[in-house]
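Residue numbers (the numbering used here), protein chains in the order written: chain A, 514 to 890; chain B, 6 to 350; chain C, 452 to 748.
Take the hints with a grain of salt, since some may be wrong.
Stated by the list, open to error - Here are the simulated DSBU-like cross-link-like pairs (lysine-lysine), alpha carbons at most 30 Å apart as the crow flies: (1) A:K798 with A:K755; (2) C:K735 with B:K203; (3) B:K213 with C:K735.
Because the hints were derived from the structure by calculation, they are not lab data.
Given next are the chains, with one letter for each unit.
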Amino acid sequence: MRKLLLLSLAVVLGLANLAFAADDTVKIGVFLPLTGQNAFGGQLELEGVQMANKEAPTILGKKVELFVVDNKSDKVEAANAVQRLIEKEKVQAIIGTYGSSLAMAGGEVSEKAHIPQVGTSCTNPLVTQGKKYIFRVCFIDPYQGAGAATYAFKTLGLKKAAMLVDVASDYSVGLAKYFERSFTKLGGQMVGTLNYQSGDQDFTAQLTKIISEKPDVLFIPSYFAEGAIIMKQAAELGATFKIMGGDAMDNPKITDIGGKAVEGFTHTTFPYDPSMKNMSAMAKKFTDDWRAAYPGKEPNVNSALGYDAYMIILDAIKRAGKADPEAITKALAETKAFEGVTGKTAINATHDAEKPVGLVVIKDGKKVYEGEIVPEL
Amino acid sequence: MRRGRTILLNVLAIGVFGLLLHLAEGYCNGYQLQILNLIAINIILALSLNLIYGFTGLFSLGHAGFMAIGAYVCSILIMTPDQKDMLFLLQPAYDWVQTAHAPFFAAVLAGGAVAAIFGAVVGIPLLRLGDDYLGIATLGFAEIIRVVANNVPRLTNGALGFKGIPAYADLWWNFGWALVALYVIVRLLQSNTGNVLKAIRDNEIAAKAMGVDVFRYKLLSFTVGSFFAGVGGALLASLLTTIDPKMFLFTLTFNVLMIVVAGGLGSLTGSVLAGIGITVLLEWLRVVENPVDLLGFSLPGIPGMRMVVFSLALIVIILFRREGLMGMRELTWRSLAGVFSRGKA
Amino acid sequence: MNLATFIQNILNSLTLGSLYALVAIGYTMVYGILRLINFAHSEIFMLGAYFVFWGITLVHLPWPVAMVLAILVTASLGVLVDQVAYRPLRDAPRISALISSIGVSFFLQNVAIVFFQAIPREVYRPAWLEDPILVHGVRVLPLTLFVPLLSLVLMLLLVYIVYRTKTGLGMRAISKDIETSYLMGVPVNRVIAVTFGIGSALAAASGIMWALRYPQLQPIMGTIPGFKAFIAAVFGGIGSIQGAVIGGLTLGFIEIMTVAFFPDLAGYRDAFAFVLLILVLMVKPTGLLGERPEDKV
């Protein structure tokens, strides 16, 4: 029975492949959280993808067509969305997504259908683990957690750390674990880990407890939506310790929402920020183009990753010389030196992008790109 | 109509249905198959909620909780120990979770059974409550299950959930279970028990006055309903191959409730038809979020529009056709025959 | 735990609890009269907070004016929701209105997502509410005092309306028996409209204060506070204003104090409300101060 199913799937895909060959467009599917809990990240990434599409609308003389589907920050929807992109729109490659659990749910479908998928900012190691068709243009959480721990312990000399973890978020739980592992290995001491659940808005009880433990640094592997109010409440309760976070805290609105409370906050990120000093030519071009395209709106690293995800697929198609899914997959796996906005990117054996960990500090109400750090594991 | 003929017709209908499934398997693409599978699972869920609410009058909002139990139990049983080794990467699983293993059929059955046990255990204290209170208390139960799932990583892998659950739930399993659910619930309702349940729904005090042990019958209906909710959850887990606590939010219960209400509270035919209709509608509504090219103008897709339309549709149904598609009527061979003979006359 | 931390925790509980109480009153008023769990309440709560934001950023209104206007607009919206989605269902089975209210809730939330976008927005806070005062090592935010105080004023106002005015008399009559009230000449539909108006104004006020305390706007911000406040209302005995206040404060204290004394349980915090609810309902099926509904034969 299962064989029959696979066979019919293969037939359908075979037909679909024939359809590609006759077509003069390249179809790229995009699945991102445009509504729901992760919508702010998804919308930023979508704008990056769309800008890239405007700048490079053709490849190999064919028009590139984008198909955007909202995965609603929901795993079931994410799987459905990818299924739809593959079966109905017959896309040759897929971009997505923000949020590791969403990327995994969609990735299962892409993997089965043999369609390459390039993740934007899904940093959990499980996303690409054991997958042939799944790639990403970002680094992974163990690396990022180690980067944050190294910076806190070595660069800043902070010895005692506490964490406030979202138990309902796989990203948060994972990153917390990797930070703790590296921080204690480096010789630091964990003085308290408290939990909350996504959607909570009152953190006063947890923060009061953490303040009484007197840590040097509080690590919050949160999404932006909760992170900003955590800091605000911490400031109100008189917290004086340093607060650090991960890439999900990267959002242009952080100073609007956090105000004085986010002053001094440091978070790890992918190596791009409009405040970067030594920008590569690519990054500079991206920044200028963005400011022209969206006046009054600062570019952000999520948009840059969306942009890179699109461009790395086009680069693979160019190297492959054709736009069939197998050829794109092969070319993606062989990416050695793709010049992206977020730095020179090589895809490694586990299909992750190797790039340094960037650091952003909020200084005088502005995001400042501090530089990069090499994690000590 | 004679009993023998009804049985014959039923067997024939199942045969034709099986043939259709076989054809669907050959001709549908994966996307369409996925929708068909979701239809079968939604039917199971709607039937079970209709038994609890539509036929017994117990306002339960705890379906997502029972589904979660079924899904977790089944997934733990069908994943291989090696798989679990890789999955529980933050904290190792409890030994018994790590080693437990069972074939798919047994795992789904176990999922249903554990959900039924939970149903009975929470039912004993809660079913004494009045309707709205029962609704809120069962909703609370479902939320507690979800919060616990987040906080016991050695059992559920916490927020990371399970992925790569073996995809055994194909058309045959799903529709097979849907038929089982339909059969069991129809038999239950046709028996004397069914009459008692409806009596409790229509007038609990009168039923009590007649000497019916109301509580026992309520508990029976609730437990059977929980069992099939667990089965539905188990099948869903294997169909989607990935679960986590976030999946089992109130929205999930709401979708099932929507199917039951749209089909008609107290109509199994209605639940089946609405199970098909709403699953397709929800999928089809994605269109409104896509960019549209209209007479040369391209309108950008509006995220969120789909749920706006869906919720509007719900309000319209409830305002203008609150008894749902079928009201409390059923489609039977007898009623079909009635339609045809009227057509001839 | 030292004394300062303990007092800090009490202040935290008091603020959270009085916010829950304020939202709970809105639920309890509507339920008391119509026996309807108004799921849309949490979206009205969210819209109230957003209207202040738009009033300040789009129309550049001063803060107090924006606040009053937002409350008025939200109150009218509540009345509109009742007229469109609940009033045609007065004679229908109770489940119909309940499902309609779930539909309205989903509808308003998604309309907010479509028009306001899911990006969190900042909240304007007057400076005098923000700067903490230090009293013997305890940081007291004027806000933490302002919120319970304002809640208290609104509650007293409400008690006055319900027990000292004619409309209030109508409300109480309808809550006992809607049909008899009709026959006795109570303008039922008008009283219900007023109830929705007041309930929604309270939701808006609590939404605005919630946003002052937890300064961030999101289309989904109403869902969790709404759920918890509703539980607080049921816990206190739905239909009873005093019950809603007691329920809200109790929930606030339990949530904060459990985390304070048993930090390992912090991850279970969202379940506390439900556990509490189930325990209370098992002992007292209509909540602490709820009246026993008579079985009608």
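Hint by hint, here is what the structure shows:
Between K798 of chain A and K755 of chain A, the direct Cα distance comes to roughly 34 Å. Violation of the 30 Å bound is thereby established for this hinted pair. For the hint pairing K735 of chain C with K203 of chain B, the CA-to-CA distance comes to about 27 Å; that is within 30 Å, so the pair holds. Proximity of K213 of chain B to K735 of chain C is assessed by CA-CA distance (about 22 Å); at most 30 Å being required, the pair is judged to hold.
Checked against the numbered hints given earlier, the structure breaks only hint 1 and satisfies all the rest.
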